[in-house]
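> Take a look at the letters that make up each chain.
6 protein chains.
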Amino acid sequence: MQGPPLPPAHTWRRLLELALEEDVGPGDLTTRAVVEPDRQANAFIEARAALVSCGIDVAGAVLHQVDPATRFERRAAEGATASPGDALALVSGPMRALLVAERTMLNFLQRLCGVATHTRRFVDAVAGTGAHIVDTRKTLPGWRVLDKYAAAVGGAINHRMGLFDGILVKDNHVALAGGVAPAVKAALAAAPAGVRVQVEVESVEDAVVACDVGADFLLLDNCEADKLREIVACVGNRACLEASGGITLENVRAIAETGVSRISIGALTHSAPAVDISMEIGPGSPGVAR
Amino acid sequence: MQGPPLPPAHTWRRLLELALEEDVGPGDLTTRAVVEPDRQANAFIEARAALVSCGIDVAGAVLHQVDPATRFERRAAEGATASPGDALALVSGPMRALLVAERTMLNFLQRLCGVATHTRRFVDAVAGTGAHIVDTRKTLPGWRVLDKYAAAVGGAINHRMGLFDGILVKDNHVALAGGVAPAVKAALAAAPAGVRVQVEVESVEDAVVACDVGADFLLLDNCEADKLREIVACVGNRACLEASGGITLENVRAIAETGVSRISIGALTHSAPAVDISMEIGPGSPGVAR
Amino acid sequence: MQGPPLPPAHTWRRLLELALEEDVGPGDLTTRAVVEPDRQANAFIEARAALVSCGIDVAGAVLHQVDPATRFERRAAEGATASPGDALALVSGPMRALLVAERTMLNFLQRLCGVATHTRRFVDAVAGTGAHIVDTRKTLPGWRVLDKYAAAVGGAINHRMGLFDGILVKDNHVALAGGVAPAVKAALAAAPAGVRVQVEVESVEDAVVACDVGADFLLLDNCEADKLREIVACVGNRACLEASGGITLENVRAIAETGVSRISIGALTHSAPAVDISMEIGPGSPGVAR
Amino acid sequence: MQGPPLPPAHTWRRLLELALEEDVGPGDLTTRAVVEPDRQANAFIEARAALVSCGIDVAGAVLHQVDPATRFERRAAEGATASPGDALALVSGPMRALLVAERTMLNFLQRLCGVATHTRRFVDAVAGTGAHIVDTRKTLPGWRVLDKYAAAVGGAINHRMGLFDGILVKDNHVALAGGVAPAVKAALAAAPAGVRVQVEVESVEDAVVACDVGADFLLLDNCEADKLREIVACVGNRACLEASGGITLENVRAIAETGVSRISIGALTHSAPAVDISMEIGPGSPGVAR
Amino acid sequence: MQGPPLPPAHTWRRLLELALEEDVGPGDLTTRAVVEPDRQANAFIEARAALVSCGIDVAGAVLHQVDPATRFERRAAEGATASPGDALALVSGPMRALLVAERTMLNFLQRLCGVATHTRRFVDAVAGTGAHIVDTRKTLPGWRVLDKYAAAVGGAINHRMGLFDGILVKDNHVALAGGVAPAVKAALAAAPAGVRVQVEVESVEDAVVACDVGADFLLLDNCEADKLREIVACVGNRACLEASGGITLENVRAIAETGVSRISIGALTHSAPAVDISMEIGPGSPGVAR
Amino acid sequence: MQGPPLPPAHTWRRLLELALEEDVGPGDLTTRAVVEPDRQANAFIEARAALVSCGIDVAGAVLHQVDPATRFERRAAEGATASPGDALALVSGPMRALLVAERTMLNFLQRLCGVATHTRRFVDAVAGTGAHIVDTRKTLPGWRVLDKYAAAVGGAINHRMGLFDGILVKDNHVALAGGVAPAVKAALAAAPAGVRVQVEVESVEDAVVACDVGADFLLLDNCEADKLREIVACVGNRACLEASGGITLENVRAIAETGVSRISIGALTHSAPAVDISMEIGPGSPGVAR
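Protein chains in written order, with the working numbering: chain A, 1 to 290; chain B, 1001 to 1290; chain C, 2001 to 2290; chain D, 3001 to 3290; chain E, 4001 to 4290; chain F, 5001 to 5290.
Please note that a few of the clues may not be correct.
Stated by the list, open to error - List of simulated lysine-lysine pairs, DSBU-like, C-alpha gap at most 35 Å:
#1 D:Lys3170 <-> E:Lys4227
#2 B:Lys1138 <-> F:Lys5185
#3 A:Lys227 <-> C:Lys2185
#4 B:Lys1170 <-> F:Lys5185
#5 E:Lys4170 <-> D:Lys3170
#6 C:Lys2227 <-> A:Lys138
#7 D:Lys3185 <-> D:Lys3170
#8 D:Lys3185 <-> E:Lys4138
#9 A:Lys170 <-> C:Lys2170
#10 E:Lys4185 <-> D:Lys3138
#11 C:Lys2185 <-> A:Lys185
#12 C:Lys2138 <-> A:Lys170
#13 F:Lys5227 <-> B:Lys1138
Since the hints were made in silico from the structure, they are not lab data.
With the hints as constraints, model all of the structure from the sequences given.
Okay, here's the thing in structure tokens:
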């Protein structure tokens, strides 16, 4: 089963430009001082820790942007597991270009592989339960499409991309509308064709009310496992149930075993630690990511 | 002693625009469906965990960008410590605008306070040793100036902003130049007025050579504490010494006690977890960050 | 019942800038030659034909962009019907600014009111049948959010905004997937949370198959009224039915009376004629749009 | 005699980018769900109605922007007449790219061919009279250079591009300047080298006055055919005469036969209906536009 | 008689942004180090040499862009002559903002006043002859509208803004077209309404031919004064005559006295030296520009 | 010894785009009228005066931007001296593209060669003294990196790029800080790693104080040669000494002979006259720059 496609370049082109402008600015003083302009080199981009490969073509776009006269060869599939020493890519061309692009390539990869790797841990933790791990809008500003892509590479299902492509009636909306029933009715009436309505509920009663007025997609925020089980029992398959709030690697399986279909987790993107990746210049023969 | 000034808005304006475009897109479907356009509201932006306040005016700029008819009042100083429940800001205006801006404001704050908070832990860990914590170029692409600002708010000293405003002769450069001495000489000769030259060394011998040819700023990468002490002893105050590589909260004080002046740490920015911050609508009386 | 909110300014800001740059360029030669810089004026923006008001605040943004020292007062509600001579807005400020902004303001208004007016004709034609008029992606390049806003002001329901926020499995997709059933299954499996799947069918058989595998939203393209009636009879309320293709003001009511829920029409946006609107300088007392 | 060149890409590049961003956004959900990434295809872009070909290379630029690995072959000359079923272009490459680009390519073509086709009707209607059809500034915001290009392809002559490259003293300017004579004198005095002055007049007297003070280019707005004939008779060849206002396909020939040189018509661009064009995937052998 | 209006801000906004980004970058290190953030100040922007005032509001826009909390008061009219010590503007607000904006404000003013001042020298040199000084397209890249504005403030007449708003048939075009007569005929036939045709000629014969086929605007490039006189005598007032090429302050009056109407000079913009202007902080009472 | 590398294209891409947009706008009317679209041509870009070659690849980028189907061959090395008639580049391709790009290519070259040539005069004037010529921030707005590049090609050393990459404590800062000593101390304490501190002094006493508190880089502004000599004698090699203010080609050697290390000169960039360069179409055999 193939993974998600890299989002179209126009969605991350401006971030890539920002990244190079902020790092390179008017030029690399060190490289200019000590590297001859016609010097050529090869280098491997290598994992220094166990990781899930992600975003390799973004790194390639960084290198190409610095100097179109470089070459970039992918050495690991998106989503493949890499061990320390495994190559993710082979880069070659003018040494100056490689050194200028190095940090920005690695910064992108360390983030994207970091999110994919962190997500995979949660996905593995619920394996076999039938529950899906889902991302959130708690992504880094400027990184929405890349962060969500990395979560998908890690095995998560994407929730709505933003405020514009899904309706999620949260507790504040419910309060403003005067209760779950009027809120859901208003949302269903206003939903554009093609957009589903999800509503946040915090009790069995509200879950039943929501279904009764036509909601078929519920968010169960900050509910204990017992309450989740109770809602699953009451609602049955009248609605898709998504748990969220306070999910950790320690408790995610217990949540999954309550019978909910989806578990959404902000930490996939807001707190994924970077994974260690480096660029090694010169000959060598690294391993291959699997 | 006052903290660092927020970087000029032109340096983070494009990131802010990206962030709103990616989240809001053609409009907030939920708010449109269930919130009346003339409804007004107040809300507090509150810490939900202990944190170091940072980037509050960036959140204000987000709100103002969504709707200039809103008000944003800062309730905590940059760099102040906040406890769960403490207010960082008071926001008011059209309810729709508050809900549209909420996630992007929080995403910025959770990241910036996250970096400042994580940095403060390292700064506190070396208190009294005389060593300074320093950031690196391992920032998130697109976030260089904001990440470095947050590190400074946390108490770190900023290293160079990018490739353009400092010279750092690393191991690859030394190899290309044929040794530490020729590399340093070339770098000193080419350095623009106002730019200092730092050189990476990995042995006592190279440290001495570097000083002998005029370097007064050394990077000691991946050295054990014993070797650091040895270099400190040999070089004395002929150069500013900066340690880096493999620094953790556990070992940072031991490194600081070797006598180095600076300790640079990529994790300040590449692996800072988000801190929990929320927007609470309606009346209430949160605490005050100190 | 209130109408749709104007899309956030960031979604049409670039179009507005393009429009002023292309018309004003390095400056208005005529105004410069014959109008004194300190001359002030008032003017009414008036309907010259019966129309549905739409986009008045976009015109205000044009004027403000040309000169922040101008004033713009709306005189008609969005969606209100105006007769020839009715005022849509009152503008005042430096005469030069009014003349510079005039054509661009009018060009926006003639288009947006044109789409709203054309849409209203279709909406009125199906009044009482229970069917809704729906827009399409056949908007003018660069105008997606404004065109769809104008269609909504005219009384249409918006279909998906673009390729990213709805799934519509069309005939080409069905052929590629090997039939309606596998296509719908693949789409349902891949749909992000919050996104509904619509599938195009051309026969009663395919409509039933689509419902059987879980589709609850069908597009019936280029079907005669008889066939539509047959599909409505077979599918009942298992799915939302949308007719499209070859719809005109002459046949739209007959289509609506087949019992379909929605009728989508590209001509709302791709072929709406401009409505006549002018700017009248000086005193006067125009009527009021209702 | 060759037609007008396509305007330089920098003049429509931003519109093209807007168009793709608004339609594709973070990616095409449907294509991702049901089309395999390595599937290749051919398709013809075909006329579905009689039309004047226009803007084919703009469609090619859209496709190339979506995926540089596609091919686009023009099959009809700009300005050629196409019948239903005639090919305008042959496109090939990854099926996903073709489907992603389809709607935006067609939206550009339906508009540009629509303007060219509508213009050609007016041009044909005055054939043999010696009068030229001229466009106006009543173009769609953001579309000025493309709309004017399409009008030229249809056979019209372009009037000024904007406020910056021609002087047109209209009724409001005349009133401000205190009459036709002072207005024309001021305009002639201030006209940059290379810019002609056109002045709007509404009577035989004003036409003569304008010529007497040096104007050689008059706009006759909203004049009946009789008055136009009278002005033609009085002014003779002292000035170029352009009629405008209320021109339709029904009355344009009568206007042309009054002896005016030019007839300017806003409807060429503000009310041109789209022409039907589609993309047909797979084998086939369409006709050829002439 | 009033001077030219400042070009609309959208024509120089991008240049202003570039200028601030390149100078300020991530922030002013010196000001941050030694100036307290709440310190306020006044300063005069003063002429340090005799000059023609120009572009003062551009400097104001720079200051406002750096910090909207500053104030900027113009103290000299555009086009007024200033002596050393005369104030051009009074600025006030946060000291940090003044220091950050200082160099960019001065760099704009030194250039714009420099062009206006240099132009005024040529204008004064031909005073009384009836000839006008005209600018060219030899402006600094990125500075077209501002350079031409400054030339106009200095008293020059603007030639075409660019390739798009005027036709100038130069020697290369004449050669390509096969002579002056066919070149002029082609140009007149293709000229958009409102655009005049100018043709470069180098002999009396060509000047006469050009007039005979309808040109009424000639460019006489690199002609000696004697030849200019001869052409003036032959052509009389059949055409407007413009001399160019090799014009200096020494020979410009002699050229003007040949009877040509216009003299175009690239050096107005390509070689205008900066004039000295400084910002003086603190109390003081400078003179007033006249 | 090789010269400085051309700054990365992202640093001057926006200026190049501005330059083409402002000159070409919606298209070249003249070329369209008199040059056939399929006409091909060769041309040499030639020096018309003695000059130092600079920025040739920027001109190549201009041509390529106008039409990627053109060819551009460099014929002179950056920094080489050219005599009148020497070729700088050979361009070929569609005649229309060459004519469209001509003026913008030449405007860039005349400026960049102008700065390099003017700088070289100063560099030659101090040959053998050991002093270096240094540029300043008095560059043309929008041109910082290109102006500084041209100064470097001319033989100057670059001072800081902007406010962000060097600390220069000027007289205003000293006054605010309460004297040279506290100002220097504050600056040294706040300087980021890698940034040197330079301080402006105007007397022998202040120079000594500055050195005593740790400054090793002094700016001596507007000092007579005698005072410079005195400071050199007192400070010896405790600091790098840079003279500035009122430097001309006439007095620069006398300043250099005082023993200062550096002489910074704003006129390198703010008042460099353009050098004459032209594009000659057709066959020919120009000389070669040395």
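> Look at each hint and say if it fits the structure.
These are the hints, each one checked on the structure:
1. D:Lys3170 <-> E:Lys4227: violated (42 Å)
2. B:Lys1138 <-> F:Lys5185: Roughly 30 Å separates the two Cα atoms, so the pair holds.
3. A:Lys227 <-> C:Lys2185: Status holds; Cα separation ~32 Å.
4. B:Lys1170 <-> F:Lys5185: holds (30 Å)
5. E:Lys4170 <-> D:Lys3170: holds (33 Å)
6. C:Lys2227 <-> A:Lys138: violated (47 Å)
7. D:Lys3185 <-> D:Lys3170: holds (14 Å)
8. D:Lys3185 <-> E:Lys4138: Distance ~30 Å between Lys3185 (chain D) and Lys4138 (chain E) Cα, so the pair holds.
9. A:Lys170 <-> C:Lys2170: holds (33 Å)
10. E:Lys4185 <-> D:Lys3138: holds (30 Å)
11. C:Lys2185 <-> A:Lys185: Since the Cα atoms of Lys2185 (chain C) and Lys185 (chain A) sit roughly 28 Å apart, the hinted pair holds (cutoff 35 Å).
12. C:Lys2138 <-> A:Lys170: Since the Cα atoms of Lys2138 (chain C) and Lys170 (chain A) sit roughly 33 Å apart, the hinted pair holds (cutoff 35 Å).
13. F:Lys5227 <-> B:Lys1138: Violated - the C-alpha atoms of Lys1138 (chain B) and Lys5227 (chain F) are around 47 Å apart, more than 35 Å.
In terms of the numbered hints stated before, the structure departs from hints 1, 6 and 13, listed from lowest to highest.
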